[in-house]
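Engineer: Spelled out, the chains give:
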Amino acid sequence: MNKNLVYIVSISDNTAKVDHSLYSKYCIQSWEYWCNKHEVDLHIVTQSDPRCGKPIWNKELVYEFAQGYEKVAVVDADTMIKWNAPNFFDLFEEDFCMVHDDTNWSWVYKSMQSYGKFFNTSMTMDDYGNAGVLFFHTKYLHICEKVFKLYSNNKQELDNWDKGGGKEQTIFNYMLKENNVTPKWLSPKWNLISMHKRELFKHNFQLGDNTPHFIKHGYIWHFTGFSIEDRISIVKQTWDLVKDNY
Amino acid sequence: MKDVVYIVNINQPSYSQYCINSWQHWSEQNNAEVVVLTEPFSEIEPHWYKVFVYKLLENSNIDYNRVLVVDNDTVVHPDTPNIFDEVSEDKIGVVFDDVNYDWTIRSTDAYHKHVFTDYERFDTFEYFNSGFIVLSKQHREVYEKVVEFLLNNYQSLNWVQSNYGVGRDQTPLNFMLRSFSNGLHYISKRYNLQGLVSKEIVDPKMLSEMAYVYHYNAMPRENREILMKQTYNYLYE
Numbered sequence: 000m001n002k003n004l005v006y007i008v009s010i011s012d013n014t015a016k017v018d019h020s021l022y023s024k025y026c027i028q029s030w031e032y033w034c035n036k037h038e039v040d041l042h043i044v045t046q047s048d049p050r051c052g053k054p055i056w057n058k059e060l061v062y063e064f065a066q067g068y069e070k071v072a073v074v075d076a077d078t079m080i081k082w083n084a085p086n087f088f089d090l091f092e093e094d095f096c097m098v099h100d101d102t103n104w105s106w107v108y109k110s111m112q113s114y115g116k117f118f119n120t121s122m123t124m125d126d127y128g129n130a131g132v133l134f135f136h137t138k139y140l141h142i143c144e145k146v147f148k149l150y151s152n153n154k155q156e157l158d159n160w161d162k163g164g165g166k167e168q169t170i171f172n173y174m175l176k177e178n179n180v181t182p183k184w185l186s187p188k189w190n191l192i193s194m195h196k197r198e199l200f201k202h203n204f205q206l207g208d209n210t211p212h213f214i215k216h217g218y219i220w221h222f223t224g225f226s227i228e229d230r231i232s233i234v235k236q237t238w239d240l241v242k243d244n245y
Numbered sequence: 000m001k002d003v004v005y006i007v008n009i010n011q012p013s014y015s016q017y018c019i020n021s022w023q024h025w026s027e028q029n030n031a032e033v034v035v036l037t038e039p040f041s042e043i044e045p046h047w048y049k050v051f052v053y054k055l056l057e058n059s060n061i062d063y064n065r066v067l068v069v070d071n072d073t074v075v076h077p078d079t080p081n082i083f084d085e086v087s088e089d090k091i092g093v094v095f096d097d098v099n100y101d102w103t104i105r106s107t108d109a110y111h112k113h114v115f116t117d118y119e120r121f122d123t124f125e126y127f128n129s130g131f132i133v134l135s136k137q138h139r140e141v142y143e144k145v146v147e148f149l150l151n152n153y154q155s156l157n158w159v160q161s162n163y164g165v166g167r168d169q170t171p172l173n174f175m176l177r178s179f180s181n182g183l184h185y186i187s188k189r190y191n192l193q194g195l196v197s198k199e200i201v202d203p204k205m206l207s208e209m210a211y212v213y214h215y216n217a218m219p220r221e222n223r224e225i226l227m228k229q230t231y232n233y234l235y236e
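Just so you know, the protein sequences line up as chains A and B, in that order.
Using numbering that gives the first Met the number 0, the first residue of the first sequence is number 0, and each one after it goes up by one.
Using numbering that gives the first Met the number 0, the first residue of the second sequence is number 0, and each one after it goes up by one.
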């Protein structure tokens with residue numbers, strides 16, 4: 000057992016429109032390489048816990064699995080880490096780290112309004128991060144436990160949630176705020192979301208550099224913000240471009 | 000002595016009325032004064048007039064304490080806290096520019112290759128927007144260096160814009176201000192919310208609850224006029 004852990008939920012859900020493993024298999028290969036290089040344990044959750052409705056809630060169960068580790072990263076199965084990304088566990092001590100999620104402000108606004116009913120606190124965009132890449136000291140595992148308890152206590156409603164605004168992310172952000180956890184905000188390079196909107200799939204054609212910006216300037220590429228069908232294609236294309244480095 | 004909100008408004012596009020009126024309202028509440036430059040004063044491209052802020056204030060005998068240099072396509076919420084309290088006087092206050100990284104990366108690479116060869120190629124994700132910069136008297140010398148650099152390298156700077164189309168003042172300021180000053184202080188994006196269309200937030204009510212200063216860049220001019228008017232009317236009429 001190493002002292003740090005990367006935890007990924009990658010469950011093939013029978014109710015899903017497409018097989019998520021079609022893209023996650025490439026993402027996981029990148030994490031396997033990186034974890035091995037930096038002597039970090041990697042745990043992939045492939046079977047949903049019976050307590051969970053939607054597979055995504057298995058993320059919160061990291062609080063049970065990660066006991067005994069010093070630091071943990073909970074990352075989504077649609078993230079790929081660059082082969083030479085430095086060891087992010089060296090970036091923090093006893094912190095909770097995340098990257099701001101501010102590429103779609105109206106989505107966040109509506110999501111905050113919808114999920115705010117579960118909390119007695121308010122948030123601004125300065126408080127709001129993306130839950131797809133989280134690095135933290137295990138002293139914060141109780142936050143995941145609290146999120147899971149909230150889910151369990153409201154399972155019927157949350158499993159049938161039809162108000163939009165995502166699933167666990169906004170709840171997680173509220174829980175951090177309500178428990179007075181101020182995140183250490185990391186550079187976007189550690190969680191490049193909405194890459195298409197921010198033109199990061201392009202390259203510097205003017206200087207003859209064919210490497211897409213996201214590969215050149217980012218460390219963790221988060222293939223989100225577009226359709227599942229596009230995700231499968233883009234992740235596959237990315238892997239074909241970079242796989243020889245792993 | 001008052002703080003100054005400095006706005007370059009050459010050609011005075013009609014949308015700028017919403018900008019200036021909103022900043023005047025905010026300034027009245029915050030012991031500040033709006034100074035608007037409307038006349039060209041040299042052969043230098045007007046995009047660069049922002050860097051002459053200290054010279055122009057002093058030539059106009061305007062006494063100042065802190066200075067906010069802000070673009071004429073912004074609208075400020077009337078309840079915005081005092082922006083000058085967000086930044087200590089020794090730091091230059093800026094906001095990340097996170098709208099179109101393709102443009103900022105190509106711009107940074109081009110200026111680095113052709114003009115700022117000896118400067119550090121700063122991190123892509125630390126690029127700031129030059130449409131909202133918080134200064135103090137301490138930065139007068141920094142801006143003297145900027146003006147000196149501009150005048151000595153004007154042809155090269157123009158050459159990059161002519162050949163690459165990657166902007167005039169913003170990227171050079173990114174190189175110079177971080178190099179010439181004691182450091183930048185990044186303040187919340189709520190103080191310079193850019194790329195409203197890309198970030199899918201143009202509704203005035205939503206804007207008013209989420210941010211303080213709305214920057215109507217990265218959109219067609221006709222949309223800018225409509226959206227600025229809509230937000231201004233919501234906040235002030």
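No lab work stands behind these hints: they were computed from the structure.
Just so you know, these numbers come straight off a predicted model, no measurement behind them.
The reader is advised that the hints may include incorrect statements.
[To be verified] DSS-like mimics (lysine-lysine), calculated; alpha carbons at most 27 Å apart, straight line:
1. Lys24(A) - Lys188(A)
2. Lys136(B) - Lys54(B)
3. Lys2(A) - Lys81(A)
4. Lys215(A) - Lys112(B)
5. Lys166(A) - Lys204(B)
6. Lys196(A) - Lys2(A)
7. Lys148(A) - Lys188(A)
8. Lys196(A) - Lys204(B)
9. Lys54(B) - Lys109(A)
10. Lys112(B) - Lys136(B)
11. Lys188(A) - Lys116(A)
12. Lys112(B) - Lys201(A)
13. Lys166(A) - Lys215(A)
14. Lys24(A) - Lys162(A)
15. Lys136(B) - Lys81(A)
16. Lys176(A) - Lys204(B)
17. Lys162(A) - Lys204(B)
18. Lys183(A) - Lys196(A)
19. Lys183(A) - Lys81(A)
20. Lys53(A) - Lys176(A)
21. Lys53(A) - Lys24(A)
22. Lys90(B) - Lys183(A)
23. Lys136(B) - Lys116(A)
24. Lys112(B) - Lys188(A)
25. Lys204(B) - Lys109(A)
26. Lys188(A) - Lys228(B)
27. Lys53(A) - Lys145(A)
28. Lys81(A) - Lys116(A)
Engineer: A separate judgement is required for each hint: does it hold in the structure or not?
Structural biologist: To see whether the hints hold, each was checked on the structure:
1. At roughly 22 Å between alpha-carbon atoms, Lys24(A) and Lys188(A) fall within 27 Å of each other, so this suggested pair holds.
2. Restraint check: the Cα-Cα separation between Lys136(B) and Lys54(B) comes to about 12 Å, which is no more than 27 Å; the hinted pair holds.
3. In summary, the hint linking Lys2(A) to Lys81(A) is supported, as the alpha carbons are separated by about 22 Å, within the 27 Å threshold.
4. Between Lys215(A) and Lys112(B) the CA atoms are separated by roughly 17 Å; this keeps the pair inside 27 Å, and the hint holds.
5. Distance hint between Lys166(A) and Lys204(B) is fulfilled; the C-alpha atoms sit about 25 Å from each other, no more than 27 Å.
6. For the hint linking Lys196(A) to Lys2(A), the alpha-carbon distance of about 37 Å lies beyond 27 Å, and the restraint is violated.
7. For the suggested pair Lys148(A) and Lys188(A), the alpha carbons sit about 32 Å apart, so the restraint of at most 27 Å is broken.
8. With a C-alpha separation of about 24 Å, the suggested pairing of Lys196(A) with Lys204(B) holds against the 27 Å cut-off.
9. With a CA separation close to 46 Å, the supplied pair Lys54(B) and Lys109(A) exceeds the 27 Å bound.
10. Between the alpha carbons of Lys112(B) and Lys136(B) the distance comes to roughly 32 Å, so the proposed pair goes past 27 Å and is violated.
11. About 32 Å separates the Cα atoms of Lys188(A) and Lys116(A), which puts this hinted pair outside 27 Å; it is violated.
12. Proposed proximity of Lys112(B) and Lys201(A) is supported: the alpha carbons are some 19 Å apart, at most 27 Å.
13. Annotation: proposed proximity of Lys166(A) to Lys215(A) is violated, straight-line Cα distance about 31 Å (limit 27 Å).
14. For the suggested pair Lys24(A) and Lys162(A), the alpha carbons sit about 31 Å apart, so the restraint of at most 27 Å is broken.
15. At roughly 44 Å between alpha-carbon atoms, Lys136(B) and Lys81(A) are farther apart than 27 Å, so this suggested pair is violated.
16. Annotation: proposed proximity of Lys176(A) to Lys204(B) holds, straight-line Cα distance about 24 Å (limit 27 Å).
17. This hinted pair checks out: Lys162(A) and Lys204(B) have alpha carbons roughly 20 Å apart, not beyond 27 Å.
18. Using a Cα cut-off of 27 Å, the hinted pair Lys183(A) and Lys196(A) holds, with the two alpha carbons roughly 25 Å apart.
19. For a cut-off of 27 Å, the pair hint linking Lys183(A) to Lys81(A) stands: about 22 Å separates their Cα positions.
20. Of the supplied pair hints, the one linking Lys53(A) and Lys176(A) holds, its CA atoms being roughly 24 Å apart against a limit of 27 Å.
21. Proposed proximity of Lys53(A) and Lys24(A) is supported: the alpha carbons are some 20 Å apart, at most 27 Å.
22. Between Lys90(B) and Lys183(A), the direct Cα distance comes to roughly 21 Å. Compliance with the 27 Å bound is thereby established for this hinted pair.
23. A threshold of 27 Å between alpha carbons decides the hint, and for Lys136(B) with Lys116(A) the separation of about 47 Å lies outside it, so the pair is violated.
24. Taking the CA atoms of Lys112(B) and Lys188(A), the gap is near 23 Å; set against the 27 Å cutoff, the hint holds.
25. Pair hint Lys204(B) plus Lys109(A) holds up; C-alpha atoms about 12 Å apart against a cutoff of 27 Å.
26. Note on Lys188(A) and Lys228(B): the hinted pairing is violated, with a Cα-Cα distance of about 36 Å set against a maximum of 27 Å.
27. The hinted pair formed by Lys53(A) and Lys145(A) meets the criterion: a straight-line CA distance of about 17 Å does not exceed 27 Å.
28. Simply put, Lys81(A) and Lys116(A) have alpha-carbon atoms about 38 Å apart, too far for the 27 Å limit, and the pair is violated.
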